[in-house]
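Chemist: Listed here are the chains, written in short residue letters.
Number of protein chains: 2
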Amino acid sequence: MVLLGEPNPSFQSAAFTMLAPAGCRHDPAGKAGLASLTCEMTLRGAGDRDGRALINDLDALGVDRGESVGVSQVSLRASGMAEALAPALEIYADILRRPLLPADQIEAGRMVCLQELRGIEDEPSHKLMQELRRQHYPSPWGLPSQGEIDTVKRLTPHDVEAFHGRHYQPGGAILAIAGGFEWERIVDLVQRLFADWEAPDEGAQAPPPEIAPVTHIPYESNQCHIGLAYDSVPYDHDDYFQAWASVGVLSGGMSSRLFTEVREKRGLCYTVSASLQSQKERSAVFCYAGTTCERAQETLDVTHAELLKLRDGIKQNELDCLKARIKSSLILQQESSSSRSGSLAHDWYRLGRVRPVDELSAIIDAITAESINKFLEGQPPENFTLVTLGPEPLESPVGIS
Amino acid sequence: MVLLGEPNPSFQSAAFTMLAPAGCRHDPAGKAGLASLTCEMTLRGAGDRDGRALINDLDALGVDRGESVGVSQVSLRASGMAEALAPALEIYADILRRPLLPADQIEAGRMVCLQELRGIEDEPSHKLMQELRRQHYPSPWGLPSQGEIDTVKRLTPHDVEAFHGRHYQPGGAILAIAGGFEWERIVDLVQRLFADWEAPDEGAQAPPPEIAPVTHIPYESNQCHIGLAYDSVPYDHDDYFQAWASVGVLSGGMSSRLFTEVREKRGLCYTVSASLQSQKERSAVFCYAGTTCERAQETLDVTHAELLKLRDGIKQNELDCLKARIKSSLILQQESSSSRSGSLAHDWYRLGRVRPVDELSAIIDAITAESINKFLEGQPPENFTLVTLGPEPLESPVGIS
Chain A
1 MVLLGEPNPS FQSAAFTMLA PAGCRHDPAG KAGLASLTCE MTLRGAGDRD
51 GRALINDLDA LGVDRGESVG VSQVSLRASG MAEALAPALE IYADILRRPL
101 LPADQIEAGR MVCLQELRGI EDEPSHKLMQ ELRRQHYPSP WGLPSQGEID
151 TVKRLTPHDV EAFHGRHYQP GGAILAIAGG FEWERIVDLV QRLFADWEAP
201 DEGAQAPPPE IAPVTHIPYE SNQCHIGLAY DSVPYDHDDY FQAWASVGVL
251 SGGMSSRLFT EVREKRGLCY TVSASLQSQK ERSAVFCYAG TTCERAQETL
301 DVTHAELLKL RDGIKQNELD CLKARIKSSL ILQQESSSSR SGSLAHDWYR
351 LGRVRPVDEL SAIIDAITAE SINKFLEGQP PENFTLVTLG PEPLESPVGI
401 S
Chain B
1 MVLLGEPNPS FQSAAFTMLA PAGCRHDPAG KAGLASLTCE MTLRGAGDRD
51 GRALINDLDA LGVDRGESVG VSQVSLRASG MAEALAPALE IYADILRRPL
101 LPADQIEAGR MVCLQELRGI EDEPSHKLMQ ELRRQHYPSP WGLPSQGEID
151 TVKRLTPHDV EAFHGRHYQP GGAILAIAGG FEWERIVDLV QRLFADWEAP
201 DEGAQAPPPE IAPVTHIPYE SNQCHIGLAY DSVPYDHDDY FQAWASVGVL
251 SGGMSSRLFT EVREKRGLCY TVSASLQSQK ERSAVFCYAG TTCERAQETL
301 DVTHAELLKL RDGIKQNELD CLKARIKSSL ILQQESSSSR SGSLAHDWYR
351 LGRVRPVDEL SAIIDAITAE SINKFLEGQP PENFTLVTLG PEPLESPVGI
401 S
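If you read the sequences in order, they're chains A and B. Under UniProt numbering, the residue at position 53 of the first sequence is numbered 53, and the numbers go up by one with no gaps. Under UniProt numbering, the residue at position 171 of the second sequence is numbered 171, and the numbers go up by one with no gaps.
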């Protein structure tokens, strides 16, 4: 396990982010959703606390918490008063290492997972983007962590125990802490809590790729939801920030191209956006637009044209805006112990080190319109995946099929 | 206009929140949605900048912005690097006082408003809570700011100009600034930008109350969404924090009653929550639960029973958890210039003064299980408004009809 810390004496708060290599790509065949159910079950009692005592003790610390299950990792986050850090870490050591996984609560846990799955059916934009990810990335990299109703129904307490035993383990685990704390004391505490955590053997993976470039999901509505994706470079790639800046020109501020062309000039939709999402080994740009059925074809065509137009390069004034936005957001991030702990953990996971803020600033400063355009020449937006959700399919723009 | 400031030299960021008395309750009869369209149009050019220049200049400052139209107020927020504060304020003075409201962009602005309205049709939980607010508060206090498709279609450039002239005005406007800035310099700047802002005459209001205790919205889905509301006391009431604490016991942490009874023990749904929402003159608790149709009746019954059970009072350990949570969140809020500027503005609007954090801490410290229970005895949850959205209506619990 890796421990990262960024103590800052001016903070009265402290936060930590814990990543464990227990994401949904480790779900065994026919057991999709197991990573999510296991995460849900770990909070139902751990160490010498039953579920009630565990939740009460965490709440009594006033800790704001959150869990999420990604493709590769499960992420546990907590933030609160600096004094709450040590006792919260003690409880989280139990959650990770000694959860009770009570068999008599498996049905309640399963119901929560099924309710979440069914809830997505009622959120068309969520459903669409989930399908776009599934269609764009080869399996298991695009799988939704919630699994499927049929597979979740069949999961057993034994499955949960086996998954926990195999994947909640120190190899690949990262604990990152930021805010008001003393480094030496935290090192001692983490030593005591985690030094004897041992790794089990790991199993092998065999992902079968199967991808469709165009998918339509029939859905009764007067709205149509459009998703477009294309490959980009992952976070540890030398050109990552060139790719990231090119997407910043597409989407982000109100002067960004998609906002200007799709929303402001044509009023085609209320929401349009693009974001570069990087897993460790792969990365893609995902675009979303939601609009009425009558305007859906035009929205798709205009959005697609804007993506293609990136190949003609970006302008200096677009880059200036983007850099101002990035500088602002770096400063705001520095002023939050919670976002700092998340950055530390994700840097380590994706780079194998923490990138200091000064280095990041220097990288941003060095980006030029020329450097972005050179990148876009070598790796233009192409090989799109298109998913639409609405009453009727749309006509695919030339080049997507 | 009121200017509030909380300079903090340890911040590199700064943020402001501007409230202007131009919310949707000022929409004239037959013109619902005018406040929203006007807000959308103010950003399409102001002072000597056309729409493009205005957006570019704001983006070039790297400012993160947001606008929202409430019942009484329109709220404009911006945050970024401390150096961006003064130039951003200059632009916002133009937006508020000298927007171009270009007639040739009214159709694009209208389309954006219509797209937002139609988008809500596809988000059942949003649609439900909007209807619950409309049914619970007498008109115009529960009106959705987006208006209605028919009325938005009829709005003219003249309507927008008239609304701006009448409601974007200094009487009732509040500008609150927090983060890294010097108070004297900001006072000088704000003087220069706003000292000669004059108030027009204000019109009268005649809200006709019409409320139904139970409403069902037919919606084809295998999900059912449930909303329940009951009256509470507004922010400036002596008992506000007693009411707020009682809702904190219902919803918030994982040990809260609704989470425990509805989600954890019975697995009835993925999301269940209650929140105390206070306008200036009135306030209510709004509860939401989304679940599958088969479990909807049980979810409603259990949720309603938990609300009624508040009358039996709360326990000391529930209060302890709640207090820890509140303390944490106060500290986290102190560390964000953006949330501070929002708190300053809303305190002034609702209290006529800013409540110092120390005073707030003292109020929280003084809350006891007895003080909450005394409040609940005098003002128990009752006179519920129920709205459901799904394929079939549910049976109303005893006492709601």
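Because the hints were derived from the structure by calculation, they are not lab data. Nothing here was measured: the structure is a model prediction, and the numbers come from that model. Check before you lean on any hint, since a few could be wrong.
Copies of one chain are not kept apart here, so a pair can be met inside one copy or by any two copies together.
To be verified - Straight-line distance between alpha carbons at most 30 Å, and here's what the computed BS3-like set of lysine-lysine pairs gives:
1. 309 / 374
2. 265 / 280
3. 127 / 265
4. 153 / 31
5. 265 / 153
Chemist: Given a CA cutoff of 30 Å, do residue 265 and residue 153 count as a within-copy pair, a between-copy pair, both, or neither?
Modeler: between (48 Å within a copy, 18 Å between copies)
Chemist: When no copy is named, should residue 153 and residue 31 be tagged within, between, both, or neither for a Cα gap of at most 30 Å?
Modeler: Only inside one copy: residue 153 and residue 31 sit 9 Å apart there, 50 Å across copies, limit 30 Å.
Chemist: My question is about residue 127 and residue 265: at a cut-off of 30 Å on alpha-carbon distance, are they close within one copy, between copies, both, or neither?
Modeler: Intra 28 Å, inter 28 Å, cutoff 30 Å: intra and inter.
Chemist: Within a copy, between copies, both or neither: where do residue 309 and residue 374 come within 30 Å Cα-Cα?
Modeler: Cα proximity of residue 309 and residue 374: one copy only (14 Å, versus 66 Å across).
Chemist: State whether the alpha carbon distance between residue 265 and residue 280 is at most 30 Å within one copy, between copies, both, or neither.
Modeler: neither (37 Å within a copy, 37 Å between copies)
Violated hint: 2 only; the structure is consistent with all others.
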